[in-house]
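Make one complex out of these two single chains by using the hints.
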Amino acid sequence: MEFIAFAIAMAVAFQAMKGYTLARERTLLYLNISFLLLGAGLLVDGLANLVVLLSKFHRNFIYLSRVGYTIDFLAQLVAYLILVVVYLQQTRAWSGQFAVAALPIVLLESNPFTELVLIFLLVYISAQTAINYNVSKTRNSLLVFGAFTSLALAHVFFLLFTVMPIFFPFAHISQLFGFLLLLGMLFRVNQAQ
Amino acid sequence: MPNEQAPASKPAAKYRSQFRIFVDIMRVIQREGNEAKPTRILYGANLSHDRLVKYLEELKVLGVIQESGSDEKIYGLTQKGVEFLNNFRKVEAFAGAFGFKI
Chain Z
1 MEFIAFAIAM
11 AVAFQAMKGY
21 TLARERTLLY
31 LNISFLLLGA
41 GLLVDGLANL
51 VVLLSKFHRN
61 FIYLSRVGYT
71 IDFLAQLVAY
81 LILVVVYLQQ
91 TRAWSGQFAV
101 AALPIVLLES
111 NPFTELVLIF
121 LLVYISAQTA
131 INYNVSKTRN
141 SLLVFGAFTS
151 LALAHVFFLL
161 FTVMPIFFPF
171 AHISQLFGFL
181 LLLGMLFRVN
191 QAQ
Chain P
1 MPNEQAPASK
11 PAAKYRSQFR
21 IFVDIMRVIQ
31 REGNEAKPTR
41 ILYGANLSHD
51 RLVKYLEELK
61 VLGVIQESGS
71 DEKIYGLTQK
81 GVEFLNNFRK
91 VEAFAGAFGF
101 KI
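Line by line, the protein sequences are chains Z and P. Here the working numbering is used: the first residue of the first sequence is 1, the next is one more, and so on. Here the working numbering is used: the first residue of the second sequence is 1, the next is one more, and so on.
With the rest of the complex left out, here is chain P (with noise of 0.2 Å):
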């Protein structure tokens, strides 16, 4: 008898939008206390070192993390990263409201 059991299928994986990396990483950030190391920010976010690294230098040209730090980096969200994340969170709510996932 031919064995008509179905192949367990590999869970589909979720797309990130740049957007969500983004706001993934800032939130990482900011529940470190403003004071992350990148291995906390990667596996927080959930990333590779390659693309940390690449995202983490598009926020700091948005302006929205800074790094300081000599021997070892240390990233915090700026005053403009801080109202990003709030103006989001209030975004985020609202779609939510509606069932709308961002």
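With the rest of the complex left out, here is chain Z (with noise of 0.2 Å):
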């Protein structure tokens, strides 16, 4: 599933590469490193864990798992905080008060904790994305609306699965249905004459 969402994030990093290449706008290449950021972290979370299980859980490989999900978090917490304060400065509320209250949420270990911090980003992502589409009414927008509340959905659940193993599938398939949303976006924008 890491590699499908990878592969797709991938190919929304490079329509905004593309979109940079002709507009030079630069909220599409803070895009495009955001969307760079996700897919790494996925797939080095998802080869990560591939070795894990071709291993057969072998304990020689166990701390690839946590390492793999410690890149991940990082990537994301990055990725999506670079989402953040492009929608901050759309809106103009940006100061440098943000990025110094960020900076200690950096430096957590993997815990609860981080799925909070991932959940509270996604939330103001989803929020943003919201009112785009109220403002916008387009289906495109409304895909990536979804995308982001299925992404934050997905945290939850990862969340949830700290306490409880049973979410641990539906996080993945929450994760998963978030970036095929994306993928439908990209369809329908390059579909679009």
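Treat the hints loosely; a few may be bogus.
[Said to hold, decoys possible] Result set (EDC-like, lysine to aspartate or glutamate): computed pairs, CA atoms no more than 20 Å apart in a straight line:
no., chain 1, residue 1, chain 2, residue 2
1, P, Lys60, P, Glu92
2, P, Lys90, P, Glu72
3, P, Lys80, P, Glu58
4, P, Lys54, P, Glu35
5, Z, Lys18, P, Glu83
6, Z, Lys137, P, Glu58
7, P, Lys80, P, Glu32
8, Z, Lys18, P, Glu57
9, P, Lys90, P, Glu57
None of these hints come from the bench; they were simulated from the model. A quick note: this is a predicted structure, and the numbers were derived from the prediction, not measured.
Here you go:
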């Protein structure tokens, strides 16, 4: 599932890069960096889990899963922070204080609080995309809103997974669904004449 | 009693990048059926005459528009210009999906 999500994240990053090359609009460059980071995190986490799986959970390889998760978490944290900053800049509410406030978060180790941090960021991004949908009323903006809401929900499930293992598949399905919605948006954008 | 009413503030002028002006000019040409007179472009893209002449010259150099007509100049999009506008429309839709204006 992570590899499919990785491919979709790269496709979104590629589209953003194409847009930046054409329009030289900085927000598209930030979008490109954000999805490159998301893709890289998913790839590392996916590969780490694959190695652990192929080694049949050999104790010498178990630590790789934790390394993968940590890298994926940090990549997601930076990626979503970039998006939050871009949205804050658009609403002209940005100030350097946010960067200072975000600094201690980056230093956290992986634990349920890391999921809470990602949920917090994703809820903010979802709210911004909801506002955008409310204004534009386009299907593409609805798909992006749905995607980020689904990603936020995935992290709620990841958080619940720390206390109840039953939520693990729901988290992955929700994450994949979020990226599939982004893929749907990409298809619609590229098919439009 | 002093008048405490705040003076009516002027609406902030929206900055248009050169890139955005190029796109606006090309869109006017396309809207006019790919045969646009300078006066139509001038009003459609909201430009002064001097700036319009300058930008049309730059767009010709870029190879996205072409000039025709002897008495009165007529501007049309080249194949490169049509492709550029199609690509721009996709980029605009992509950025708009995230709520970003370009």
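Results of checking the hints against the structure:
no. : hint               : verdict
1   : P/Lys60 - P/Glu92  : violated, 23 Å
2   : P/Lys90 - P/Glu72  : violated, 34 Å
3   : P/Lys80 - P/Glu58  : holds, 14 Å
4   : P/Lys54 - P/Glu35  : holds, 19 Å
5   : Z/Lys18 - P/Glu83  : holds, 14 Å
6   : Z/Lys137 - P/Glu58 : violated, 36 Å
7   : P/Lys80 - P/Glu32  : holds, 18 Å
8   : Z/Lys18 - P/Glu57  : violated, 26 Å
9   : P/Lys90 - P/Glu57  : violated, 26 Å
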